[in-house]
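J.: Protein sequences appear in the order of chains A, B and C. Residues in the first sequence are numbered from 1 upward in steps of one, following this note's numbering. Residues in the second sequence are numbered from 1 upward in steps of one, following this note's numbering. Residues in the third sequence are numbered from 1 upward in steps of one, following this note's numbering.
Keep in mind that the hints were calculated from the coordinates and are not lab data. Treat the hints with care, since some could be wrong.
Stated by the list, open to error - Stretch by stretch, here's where chain A covers chain C in the computed footprint (C-beta under 8 Å, at least three residues): (1) 4 to 12; (2) 65 to 71; (3) 100 to 111.
Claimed, not checked - In the DSS-like style, the derived pairs of lysine-lysine whose C-alpha atoms are separated by at most 27 Å in a straight line are: (4) K82(C) x K6(A); (5) K41(C) x K102(A); (6) K6(A) x K251(C).
For every residue, glycine included, the Cβ atom is placed at its ideal position computed from N, Cα and C.
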Amino acid sequence: MIRIDKLTKSFGKFRALDGIGLTLEKGQAVSLLGPNGSGKTTLIKSILGLVIPEKGSITINGQLIRNHPSYRANIGYMPQIGRYPDNMTIDQVLHMIKDIRKEHTQYDEELYVSFGLDKIKHKKMRTLSGGTRQKVSACIAFLFSPDIYILDEPTAGLDPVANELLKDKIAAECARGKLVLITSHVLSDLDGLTSHIIYLQDGQLMFHESIGQLQERTGETKLNKIIANILKNADRKQICIS
Amino acid sequence: MTSIRTILLFLLLVPAGLSAAVIRTGPGSLLQHALDRAQPGDTILVAPGLYKQHEIVVRTPVTIIGENYPVFDGENKYQILIVSADKVNIQGITVQNTGRSSMVDMAGIRLQNVSRVTVSNCRVLNTTYGVYLQGSRFCVIENNEIRSSATDELQAGNGVHAWKSDSLLIRNNKISGHRDGIYFEFVTGSAIIGNISTNNVRYGLHFMFSHNDGYSRNIFRHNGAGVAVMYSKKVVMTGNTFGEHWGDASYGILLKDISDSRIEHNNFAHNTIGIFMEGSNRIHVLRNTFNANGWAMRVQASCEGNTIETNNFTENSFDVATNGTLMLNTWRDNYWDKYEGYDLNRDGTGDVPYHPVSVYSILSERIPSTMILYRSFLTNIIDQAEKIMPSIIPDQLRDDSPKTKKWKL
Amino acid sequence: MLTVSKYVFLDLLKNRSILVYTLVLAVLSFTLLGLDGNSAKGLLSLLNITLLFVPVITTLFSAIYFFNSLEFIELLLSQPVKRTGILLSEYAGMALSLSAAFVAGVGVPLMILLPVGASFVLILCGVMLTFVFTSIGLLIFVLSRDKTRGIGAAIIVSLFFTLLFDGLMMAFIFAFSEYPIDKAVVAMIGLNPVDLARILMLLQLDVAVLMGYSGALFKEFLGSSSGSIFAVGCMLIWIVAPLLLALRIFKKKDL
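Bound conformation, chain A alone (with noise of 0.2 Å):
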């Protein structure tokens, strides 16, 4: 569905991506890890368009995703943050985005309805906490039903309950052969949910394993102990690549 293939960026001397190739199907839920300054969010926005690559390409269904808007029609994107125009309400924040895609008529509003939004769709995104931008985020991600998510940091900021709200989403809708791409800080709230981990460091790509592989590997079952043991291994080896 998502083929990477040697991908490369740089910001000034500073790469943050290296080569880095990868290859993501249907129905599978993938989690993108690494420490700060990995790469993480360069290879999100290079998926999304929003930075451009010096090497490599990227294909979405078959179709290289240089100069055409039109694939990112498939793509749900939740920003790790939301900021949106003060003064608009919820609602016209909706409606824009609505408006922006004319020939899409049937909406998922779920998480709309679920999130209690609908309640509150006249309030500023000023006078907004985060969570509850972030609420916002996550319904417009979902809005059109695509075929892939990506998710920045999805959880970050939500209260409980939402969260679970969330989740629940991710993996009804993986569970429809839709494929999701997630990064977060906190690994507990990945487990149960992921299929793939994909870990990046310095910009090169670590590992990209199916946890069922790396279980068997580590002998761990939580995600946070599997990747403790593997990068414990890996300081003291300097192995990894699938």
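Once you have looked at the hints, place chains B and C on chain A.
T.: Relative to chain A, chains B and C alone:
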């Protein structure tokens, strides 16, 4: 229309007409014949039509009345009507297409050494000189339309041209498209009232060596310059309007070697320079309105003993310009809209003097290119700096009693 | 893409800074025009205010707003839309709302208290300056790495055009006053949109004095309609050129 005219004329002529005869003439016959047969006091009625007759000489004191503007055409070669008798009265005819000549001043209607002649309600079109007076006295030129389309000074003549004459009345004429609308040379004791002089190549009105004259309630617009008064004394200029004289030698009034004159109650609007004064003495400029001119006044250092008082200066780009530092003129009690002083005792007179010559006007005169930065912040900064440390503007040119309220004029 | 412009416009109409800007302009306009009945003097003061406020406020405000919208622009760009479309509509929404503020704050008082030709030209100048400096604000946004630098650049650029440029030009004129520099001076004026707006007003207010200077260029350039055409033409270039440059850069920018 014609019948009403005839009735009116009839009523007019009844009291005098008892002894005088009324002679009728038409395009078929020569006006000169009718004139030659007429007795003094007779009236000649000229029927409508085109008369290709020229150099017609009026030698008898008669009244010539055109019915519905009969047209006398000089075919671009000849002069048309020459009056050499006193007490001739010409009304309601059209005179057109005189020739142009460098030898003779070609005139539509020429008054030669006569007195008490009246030319009224005539149309004088496309002539080199419209109405030409020489050595004439007590003549009246009124309600005429004198129109031509001159484009350069050398080829053209004047609308009303008076030379060595006295006691003339030039009233309510509309004059346009000549070299000078009205030209006076060696003309004394005359009045120019209520004329509209526009679009003349040189001046709307031009005085040379003409003393004790006055002009009032005239409108001068869009001429090379409005009025030029040169080498004359005791000229009274009141109630006139001067507008839209634009160009590097364009003025409302140009005064050159004038003395003992008065400029009162005139209105100067949208002229490059309202009044330009050079070598002029003892001129009293009062109660005039200067609005939206480039410079309201330019007073050269060669002027002395002039008094400029109780005028309104509003919306002018620059109020006053001069070319020296010596100032022997008096400025007082004027209203200047650029005045920023205060009036603590509220007597209507500002407590600090006003300097009508602005720094920027001096600056732009030395280096014209700086004009392109006029009204930028720099202008304000320079003005303020000059106020704190005066160094460029002539300190003597100032109004010590500037008014804080506009005069109602 | 008008949809985005519409929402940007609606958002900005409720923006407090814009409201304050409108209000300050309106108060200034009414007081300056209403004072002592000399409306022409008021018009001049309004011209000065327009030439100072519009460039500075527009550049600063638009740059800050664009920086604050960066995340939202990213979100919009995750939709199947073109970058240029989104940026253009952000620009249009911004320029239109600032123009609306100017027209409400200066235009309406002028139309009520002094409905003459020069007032119309002043309003036109204000609106054109708004579009020019929104373009410049957008260019600064696209060129700057972060908000702080962007705001710094916006302040410097707007002060350069409002104050510094004229000073440099005056120095140039003084230094070369012996030479035939009229053409160079007119060309230099084209490099500053604030001066162009001022020239347009000068042609309304001071044509009589401009005709008084000898020098063919002044008379031909400033004394006829070609001066106005030149000024308006240059202003339009000042609107379009930074905008196109911003769009070009934005196409390849990493967000």
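J.: How does the region 4 to 12 of chain C fare against chain A when you require at least three residues with a CB closer than 8 Å, holds or violated?
T.: holds (count 6)
J.: Take the C-alpha atoms of K6(A) and K251(C), compute the straight-line distance between them, and say whether it is at most 27 Å.
T.: The hint holds at about 23 Å.
J.: Closer than 8 Å Cβ to Cβ for three or more residues is the test here. Does the region 65 to 71 of chain C pass it with chain A?
T.: Three-residue rule met by the region 65 to 71 of chain C, so holds; n is 4.
J.: Please check whether the region 100 to 111 of chain C has three or more residues whose CB lies within less than 8 Å of a CB on chain A.
T.: violated (count 0)
J.: Please work out if K41(C) and K102(A) have their alpha carbons no farther apart than 27 Å.
T.: 52 Å, violated
J.: So if I understand the rule, the pair passes when the alpha-carbon distance is 27 Å or less; does K82(C) with K6(A) pass?
T.: 25 Å, holds
Violated hints for the displayed structure, listed by number in ascending order: 3 and 5.
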